[in-house]
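Visitor: So the sequence lines, in the order shown, correspond to chains A and B. Under this note's numbering, residues -10 to 529 are what the first sequence spells out, in order. Under this note's numbering, residues 38 to 195 are what the second sequence spells out, in order.
If you're looking for bench data, these hints aren't it; they were derived computationally from the structure. Even for Gly, the Cβ is constructed at its ideal location relative to N, Cα and C. There may be inaccurate statements among the hints.
Said to hold, decoys possible - Under 10 Å between C-beta atoms, here's a sample of chain B residues computed to sit facing chain A: (1) I54; (2) F58; (3) E78; (4) R145.
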Amino acid sequence: MIPSHRLTLANLWVAISAFTIASGMALMQALSRADLDLPFRTPKMYYLSVTAHGVLMAIVFTTFFIMALGYFFTERAFRRSVEQRTVGWISFCVATLGTLMAAGAILLGKASVLYTFYPPLKAHPLFYIGATLLIVGSWGWSWVIIRTYLVWKRENPESRTPLAVHGMLATIIVWLLATVGVAAEALLLLIPWSLGFTEKIDPILARMLFWWFGHPLVYFWLIPAYVIWYTITPRVAGGKLFSDPLARLVFVMFIVLSTPVGFHHQLMDPGVDAAWKLFHVFNTQLIIFPSLLTAFTIIASFEVAGRMKGAKGWFDWLEKLPWGDPAFSSVALAMMIFAIGGWGGAINAAYGMNAMVHNTAWVQGHFHLPVGTATALTFMGFAYRLMPALTGRDLELGLLAIIQPYLWFMGMLMFSISNHLTGLQGMPRRIYQFQYGGSEIAQQWLPGTGISAVGGLFLFGSALCFAAVMFGTGLAGTKRSQDKVEFAEPLQPPGRKALILDNMKIWTAVAIVLVIAAYAIPIIQHLSMERFGARGLSPF
Amino acid sequence: MHVDLYERIWMWGATAIIAVFLISIGVTTFSQAFVPPSHIETIDPDEVRSHSEFGEPGVTIHADGSATVVVQAIMYAFLPREIRVPRGEPVTFRIASPDLIHGFQIARTNGNAMVVPGYVTQFTTIFEEAGEYLIVCNEYCGLGHHNMFGTLIVGDTQ
Chain A
-10 MIPSHRLTLA
0 NLWVAISAFT
10 IASGMALMQA
20 LSRADLDLPF
30 RTPKMYYLSV
40 TAHGVLMAIV
50 FTTFFIMALG
60 YFFTERAFRR
70 SVEQRTVGWI
80 SFCVATLGTL
90 MAAGAILLGK
100 ASVLYTFYPP
110 LKAHPLFYIG
120 ATLLIVGSWG
130 WSWVIIRTYL
140 VWKRENPESR
150 TPLAVHGMLA
160 TIIVWLLATV
170 GVAAEALLLL
180 IPWSLGFTEK
190 IDPILARMLF
200 WWFGHPLVYF
210 WLIPAYVIWY
220 TITPRVAGGK
230 LFSDPLARLV
240 FVMFIVLSTP
250 VGFHHQLMDP
260 GVDAAWKLFH
270 VFNTQLIIFP
280 SLLTAFTIIA
290 SFEVAGRMKG
300 AKGWFDWLEK
310 LPWGDPAFSS
320 VALAMMIFAI
330 GGWGGAINAA
340 YGMNAMVHNT
350 AWVQGHFHLP
360 VGTATALTFM
370 GFAYRLMPAL
380 TGRDLELGLL
390 AIIQPYLWFM
400 GMLMFSISNH
410 LTGLQGMPRR
420 IYQFQYGGSE
430 IAQQWLPGTG
440 ISAVGGLFLF
450 GSALCFAAVM
460 FGTGLAGTKR
470 SQDKVEFAEP
480 LQPPGRKALI
490 LDNMKIWTAV
500 AIVLVIAAYA
510 IPIIQHLSME
520 RFGARGLSPF
Chain B
38 MHVDLYERIW
48 MWGATAIIAV
58 FLISIGVTTF
68 SQAFVPPSHI
78 ETIDPDEVRS
88 HSEFGEPGVT
98 IHADGSATVV
108 VQAIMYAFLP
118 REIRVPRGEP
128 VTFRIASPDL
138 IHGFQIARTN
148 GNAMVVPGYV
158 TQFTTIFEEA
168 GEYLIVCNEY
178 CGLGHHNMFG
188 TLIVGDTQ
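Start from the sequences and build out the full structure, keeping to the hints where you can.
Guide: This is the structure:
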């Protein structure tokens, strides 16, 4: 066992713990959608649970899982342990401490500001400081991976970067570009204001900086899932990766296009010029391309797998795929769900249609597809391989692992489709109750909210299965070498010569130019205008 | 770089789809001036309640039949609570918040905008169908968020 496995495992455990708590919070929201009259159901508990669910799932679970993946893939692909492991451990401690601070503030009811924490909603300072520490910890992780890559490259000047590392580097570059925005928001605006050093805060400036971070965050979640799809899943399916260079192209496109898109979350905001919104909308539409390319390459890889197992007809290769292996079924189901989510994203980014759905239930119906399924389900499926590989233990409760992706798939279809529809009928997102004084229009949402609640129960059941398998395996699995993680071979061996696609410096430079183009002028224009801040309130 | 024939066809198809998206957004933007609510005007949140315009929210019908609606979005109501506007005429909403961020969404229509303290939200729309509409706040603004709503009545005569 490579010694750094303990560092990887530590990150994985924090991810799984956060996921488990966040799933419990989701149950509270499902009960609210069913509008059941339970004694502990109060607005305070509801908005607290929405905040905890969002922060723990979207920020804590994802970031720690991705840090575990980063260490794992880097060591596996380079066949060496990471450099500067001490920095890795310090980063882990800083990120975990930050998580505990932020989660503590939320669970004590001092930070029910939702995971977007828009000022002038004001949380306890510990919430902002904790969230900042989590990000600082992730910067340490980024440094360890980059440093390991540079050392490897110096020692292997002639070798191509392994595809898994290429993808993780893309993840890190996107993350570093994105977190500049939220770090500026936290350090310059939120923390001084929550500590009382400044009296007022400019909510539009804060929103610009937040979405500078908030949308590339989506690709920070998605790119590592794509790394699993490209480098692991074709092998799990019993085949080969259809195209290695196009996989590299996809990762490079994400580096370039992920960040200059944030204003599409502010299409309905005052104080932001329409021309700049249009520029961000155009970039957003372009970023559909790498995902369409991924859909082809991965499905083609599955067909290759089926044909290698003897399929001859048009569709019989589908039957040859290992549907009973959760590491495969999770990805196949996640891709089906993501196909719906991708089109929904294109709708959200077109402002005419966005006006119909902005901040409605449609939005949570949407983002539970790319993030809540494409990413989360892929991670869960891969965890069934990762946990045994890291602990050297047998996977326990295997039957639960087999049904878990299917439960998630069914639950998510119910949850997401019903929320898309009630959103179109005008139901806002994130509301404790939806009577609106007995309004007739609100009555029309009822069938949809009921289905959404049932979907939520399926998802909760699936999450419990996952948690049971993880804790069962990690704590009580039979000790035996159980490492089944292998990288997929490409169908055509990749050329020996490094392409321009391997040159991360060029693409990072292009990305920085685009970020400056997208944000420099709007922010300067904004700062030069007469602005009045808001004082802030904590009504929770 | 070797790219399989089928994958090349797919890539052209993907490019075509995105081109259609971009062209349809571009054409509606530039030929019909179809843009999202992006009014730029600032206001001191502390003065909204006593402001000459926003301090007295209500509907003004102009000589040409169009209307201006001035709204205060506060925790937890839209003032005025009931808004009456004419059918088939341009209606301009001007909205400000003295406290937190709110959403102003006329359910089942594309009347939808953020109301951010420090800024004036403004957009113009036309209601083609008479009837009673529900206005909801769609941005979390504290424990009473789900109780923040109003009524819009679109009528033929005033």
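Visitor: A separate judgement is required for each hint: does it hold in the structure or not?
Guide: Hints, verified against the model:
The criterion of a C-beta within 10 Å of any C-beta in chain A is met by I54 (chain B), whose closest approach is roughly 7 Å, and the hint holds. Satisfaction of the interface hint for F58 (chain B) is found here, the shortest Cβ-Cβ separation to chain A being roughly 5 Å, below the 10 Å cut-off. Contact between E78 (chain B) and chain A, as hinted, is supported at the beta carbon level, the nearest pair being about 7 Å apart and thus within 10 Å. A distance limit of 10 Å between C-beta atoms decides the matter here; for R145 (chain B) the minimum to chain A is near 4 Å, and the interface restraint holds.
Going through the hint list in order, the structure satisfies each hint without exception.
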